[in-house]
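Letter by letter, the chains look like this.
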Amino acid sequence: MPGGILSFLIFFPIFAGIFIGIGSASNAIKKRIKFFALLFTLIEMLLSILLYFNYDKENGGFQFIDYFDAWIPFESFRAQYLVGIDGLSTPLVLLTGILGFCAVIASLKISFREREYFMWLLILQGVVTGVFSSLDMLLLFVFWEAELIPMYFLISIWGSGKAQYSAMKFLIFTLTSGAFFLIGILSIYFATGTFVMYDIAELNLIGVSGSAFNIIIPSLLIFLIFFIGFAIKLPLFPLHSWLPDAHTDAPTAVSIMLAGVLLKMGGYGLLRINVDLFNSIDPTILFDLSPYIALIGAISVIYGAVLTIRQTDLKRLIAFSSVSHMGYIILGLSSYNAYSNLGSSEGLGGTALQLFTHGTITGLAFYLVGLTYERTHTRHIPHLGGLAIKMPLIATFFVIAGFASLGLPGLSGFVAELMIFVGTFKLGGLWAFSTILSVFGVVLAAGYTLWMIQRSFLGSGVSNDSPVAKEYDNLNDMDKIELIGAIILTITIVAVGVYPSIVTDLFNIGIGEVFSR
Amino acid sequence: MISLNEILIITPELFIVGFSLIILLSDLIFGSKFRSSDIASLGILASLIITILLFLGVIKINDISSISILNIISVDKYSLLLKIVVLLLSLSISTVGKEVISDTLKLRSEFWTLFMISLAGMMMLTSVTEMITAWVALELTSLPLIGMLSLNKKRYSLEISFKYLILSATSSAIILMGISQLYGLSGSTFFNDIMPLKDALGGRFIFEDSTQLLIIFSLILIISGFSFKIASFPFFTWVPDVYQGSPSLVTLYLSVVSKIAGFSILIRFLFESVNIEVYSNISLFIAIISSISMFYGNIMALRQNDLKRLFAYSTIAHAGYILIGIASLQINDASFSGINSTVFYLIAYGITNLTAFLSMISLSRYVDSYNMLDFKGLGSSQRYQSIIFSISLISLLGIPATVGFMGKAFIFSGAISNDYFWLASFGIINSLISAYYYMKIIKIIFVEKSDKPYPEITFPRLKVITTIGAILILVLGLAPVALLSIVESALNTII
Numbered sequence: 001m002p003g004g005i006l007s008f009l010i011f012f013p014i015f016a017g018i019f020i021g022i023g024s025a026s027n028a029i030k031k032r033i034k035f036f037a038l039l040f041t042l043i044e045m046l047l048s049i050l051l052y053f054n055y056d057k058e059n060g061g062f063q064f065i066d067y068f069d070a071w072i073p074f075e076s077f078r079a080q081y082l083v084g085i086d087g088l089s090t091p092l093v094l095l096t097g098i099l100g101f102c103a104v105i106a107s108l109k110i111s112f113r114e115r116e117y118f119m120w121l122l123i124l125q126g127v128v129t130g131v132f133s134s135l136d137m138l139l140l141f142v143f144w145e146a147e148l149i150p151m152y153f154l155i156s157i158w159g160s161g162k163a164q165y166s167a168m169k170f171l172i173f174t175l176t177s178g179a180f181f182l183i184g185i186l187s188i189y190f191a192t193g194t195f196v197m198y199d200i201a202e203l204n205l206i207g208v209s210g211s212a213f214n215i216i217i218p219s220l221l222i223f224l225i226f227f228i229g230f231a232i233k234l235p236l237f238p239l240h241s242w243l244p245d246a247h248t249d250a251p252t253a254v255s256i257m258l259a260g261v262l263l264k265m266g267g268y269g270l271l272r273i274n275v276d277l278f279n280s281i282d283p284t285i286l287f288d289l290s291p292y293i294a295l296i297g298a299i300s301v302i303y304g305a306v307l308t309i310r311q312t313d314l315k316r317l318i319a320f321s322s323v324s325h326m327g328y329i330i331l332g333l334s335s336y337n338a339y340s341n342l343g344s345s346e347g348l349g350g351t352a353l354q355l356f357t358h359g360t361i362t363g364l365a366f367y368l369v370g371l372t373y374e375r376t377h378t379r380h381i382p383h384l385g386g387l388a389i390k391m392p393l394i395a396t397f398f399v400i401a402g403f404a405s406l407g408l409p410g411l412s413g414f415v416a417e418l419m420i421f422v423g424t425f426k427l428g429g430l431w432a433f434s435t436i437l438s439v440f441g442v443v444l445a446a447g448y449t450l451w452m453i454q455r456s457f458l459g460s461g462v463s464n465d466s467p468v469a470k471e472y473d474n475l476n477d478m479d480k481i482e483l484i485g486a487i488i489l490t491i492t493i494v495a496v497g498v499y500p501s502i503v504t505d506l507f508n509i510g511i512g513e514v515f516s517r
Numbered sequence: 001m002i003s004l005n006e007i008l009i010i011t012p013e014l015f016i017v018g019f020s021l022i023i024l025l026s027d028l029i030f031g032s033k034f035r036s037s038d039i040a041s042l043g044i045l046a047s048l049i050i051t052i053l054l055f056l057g058v059i060k061i062n063d064i065s066s067i068s069i070l071n072i073i074s075v076d077k078y079s080l081l082l083k084i085v086v087l088l089l090s091l092s093i094s095t096v097g098k099e100v101i102s103d104t105l106k107l108r109s110e111f112w113t114l115f116m117i118s119l120a121g122m123m124m125l126t127s128v129t130e131m132i133t134a135w136v137a138l139e140l141t142s143l144p145l146i147g148m149l150s151l152n153k154k155r156y157s158l159e160i161s162f163k164y165l166i167l168s169a170t171s172s173a174i175i176l177m178g179i180s181q182l183y184g185l186s187g188s189t190f191f192n193d194i195m196p197l198k199d200a201l202g203g204r205f206i207f208e209d210s211t212q213l214l215i216i217f218s219l220i221l222i223i224s225g226f227s228f229k230i231a232s233f234p235f236f237t238w239v240p241d242v243y244q245g246s247p248s249l250v251t252l253y254l255s256v257v258s259k260i261a262g263f264s265i266l267i268r269f270l271f272e273s274v275n276i277e278v279y280s281n282i283s284l285f286i287a288i289i290s291s292i293s294m295f296y297g298n299i300m301a302l303r304q305n306d307l308k309r310l311f312a313y314s315t316i317a318h319a320g321y322i323l324i325g326i327a328s329l330q331i332n333d334a335s336f337s338g339i340n341s342t343v344f345y346l347i348a349y350g351i352t353n354l355t356a357f358l359s360m361i362s363l364s365r366y367v368d369s370y371n372m373l374d375f376k377g378l379g380s381s382q383r384y385q386s387i388i389f390s391i392s393l394i395s396l397l398g399i400p401a402t403v404g405f406m407g408k409a410f411i412f413s414g415a416i417s418n419d420y421f422w423l424a425s426f427g428i429i430n431s432l433i434s435a436y437y438y439m440k441i442i443k444i445i446f447v448e449k450s451d452k453p454y455p456e457i458t459f460p461r462l463k464v465i466t467t468i469g470a471i472l473i474l475v476l477g478l479a480p481v482a483l484l485s486i487v488e489s490a491l492n493t494i495i
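Residue numbers (my numbering), protein chains in the order written: chain A, 1 to 517; chain B, 1 to 495.
Honestly, the hints are just simulated from the structure, not real lab data. Mixed in with the good hints, there may be bad ones.
Chain A is faced by these chain B residues, among others (derived, beta-carbon under 10 Å) [to be verified]: (1) Leu167; (2) Leu397; (3) Ser425; (4) Ala435; (5) Tyr436.
C-beta atoms are modelled at their ideal positions from N, C-alpha and C, and glycine is treated no differently.
So here's chain A without its partners, still in its complex pose (with noise of 0.2 Å):
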């Protein structure tokens, strides 16, 4: 591969967003607004599939890397423009490549300002691109809070019901995140002298008393901080209470992206640095914490599934599911184990491949809940069914996302969740306690997510007092091209589902390599 590769992935998308935003100007290009986003996020599509199969697999490591040092070049403060890919963010650039292509799809029937709406849409895939390919702390942060502004808009004007409320919400709650990330950077800059999370590796921290660690900030505040920052953006219960109105009141796409990618942040976070940044300042504070944290991911699971069951709005119900499913990347964190590689490979990696499985569930929910909105005008459950009958393909998909979401064999869900409960049942006292807890959290989601599908697929047509009554013989199935995104989602469902090792190889390596650094 080509250098500079990963930085046109990255850049790439936010100039072609910029180019749709100001080049549109002219009536030629106007035109084809959506032809031109298709395309853009086709090739970014195209290019992630083929930057993940180049990915080196033999030697591992960061791969890709482009590094230009003079971005701010002081000796007193040294920020570096420097990204690359390793085996945990690889197939996180490949689920953003997907996920942005299939958002564009799902928001080809936008006619309300199209040419901001595109821009910022590009300009967000390229800038979540950008979070999971930073090397330098500093850069992380900034593509980080770029990222509210495109949300922010997305939003507040395309969105519906409370939508300026719920986009001012997920603002706040994102910035006090990203203020716990500044903090937190700043103080193990001022501590180690160096943005750079691979550097930091080699200064050899670990068991150093009265390293420059200790004297400025306990590591274990810097731990706490980022935590903290990160839990919010996952969510983590009981910071969570954003999710739902940003998830309820944003356009599809933007659900799809949010829920696909921008919770997977969180997700990443917590395992680029608190598990292996941490792993070589001081292992031991993830270790004595790992049990209250299981804890808290059982909570977050069930909590988040008793929640669920009660919603009667279907993006609602899936928005918090993913609260639920998101306590078990808490709770895969808590397997991890200071003193062993072994121990803690079958937890983090589930948590990891979790954070790859639910984008893609997820994103195909959200998917096919926007399209049955375009079709119903409404997400209220009880005004829904029977739409089996009249969408027979979307109920089709619907019925797989909802069987990967509840954790059928077969299906990806599966997978990382059972490799999450093996990682941490093994280790006995609260951590078995806690996964106990959560498996119950796997009953209570079938339990959802089949009466979901019974109330707004099954049965034999919508009660009479619904509004879709009038509509309902006029329900049309999903046309061709809303077709593709599906079954790209699904192929990547059921391909990990039946043969995981296609992406939790690259998991491994770079579960592995957290350890041996």
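With chain A fixed as given, assemble chain B onto it according to the hints.
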């Protein structure tokens, strides 16, 4: 004796003063045929060119990088850099003067005369190294402003200018009190001579501790007095009223130029006159006034609908951010954190605030109001200016890819590396609070809709200047090196 050579180093100031007289005379002779604002621009431009040439070293006076007149005025790279900033900002103000100023003020050459005199004071402030001269320069900036505030024949004008006068006089008196105490203790009014206080004081006081206490007390007095100029706690109560009631141009001048000049003298004074032992005590006081300014400014701004008033509170909050940097100035250490980040942020804030203010003025002309609720839907009809306004607001908020973010990142880094972890946290919390009201403005402009027809007017000059500002915000936000290396080289002369 002062030689001619020494006089030459203040040519830029002399130009400004000279042009202020020309404006007055041309009005007397030719009547209002001449546009005073353009003559003012010409004078500022001439002064700016000379300053830039001095800064780059094209014009050399003697062979020393920094020289001074009788140790009172020191023209080093630091002062030249800040003079350039002050002049550039003033040039922008006088350039747009024709479009922005109200009709009552348009014909008044007195306004521009006073403007130039005050500007000369600001320029002096960046280079004084002696306390009494600093006080005189401070008065030179304030007194013309009182005139400028009351020239506008509007209802509140007199009240505002009176308010400004009283607080200005009080703060001056407090500064003078501090200066005379320091003089009494050290026997000198030169910044450099106050430094070795402790040695000089040797046998004069029985209890050394009490001397220390007196020094700290007088420094607190001086800093409090300066807080009037920089719009921070404790002398900030005038800010919202004056900003709201005065002509937009004066508000702009107060918020952008006057603030930078005030900070430049404060930085130099603290940096050159205070030794590290005293500084560690005084910096806690600065940290406290910084926190109060930030919280007060941001919390009060949350509920404002009048944009000028909102900007007044935002400017108080920003004074707080800059004071974080001043609290973490490293006295003996020439490292990056501290002074460099403070000067960087000062310049970044100047550019951002100017752009934000000018865009706001430009947009407000379409709706003929400063109430943000009237700005509804301007994003679709005045798209270009709205985008620039949003960029500058995002920079004020401090989101990456803008110069405001870089400035804040540097300031907070400086604080953390100087053991002010809590202060940096306060700063970040305040950025969070400010997100609400900055984003609210952007939301009203872009998200909400309005069918009101807007007048067909254009402001070419405002457009050009705000465009330059927005470009600078983005370019310096992505590549802060450009500005930071200039700041670093300029500060090497006083470190």
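Problem - Hinted contact Tyr436 (chain B) with chain A - closest CB pair below 10 Å - result: 7 Å, holds
Exercise for the section: Please verify that hint: Leu167 (chain B), Cβ, nearest Cβ of chain A, below 10 Å or not. Expected result: 34 Å, violated
Practice task
Report holds or violated for the interface hint on Leu397 (chain B), using the least CB-CB distance to chain A and a cut-off of 10 Å.
Solution key: For Leu397 (chain B), the interface hint holds, since the closest Cβ of chain A sits about 9 Å away, which is under 10 Å.
Exercise for the section: Tell me if Ala435 (chain B) is really an interface residue toward chain A, meaning its C-beta lies closer than 10 Å to one of theirs. Expected result: Where the cut-off is 10 Å and the nearest Cβ of chain A is about 5 Å from Ala435 (chain B), the hint holds.
Practice task
Verify the interface restraint on Ser425 (chain B): the C-beta must sit less than 10 Å from at least one C-beta of chain A.
Solution key: 6 Å, holds
Figure legend: structure checked against the earlier numbered hints; the only hint not met is number 1.
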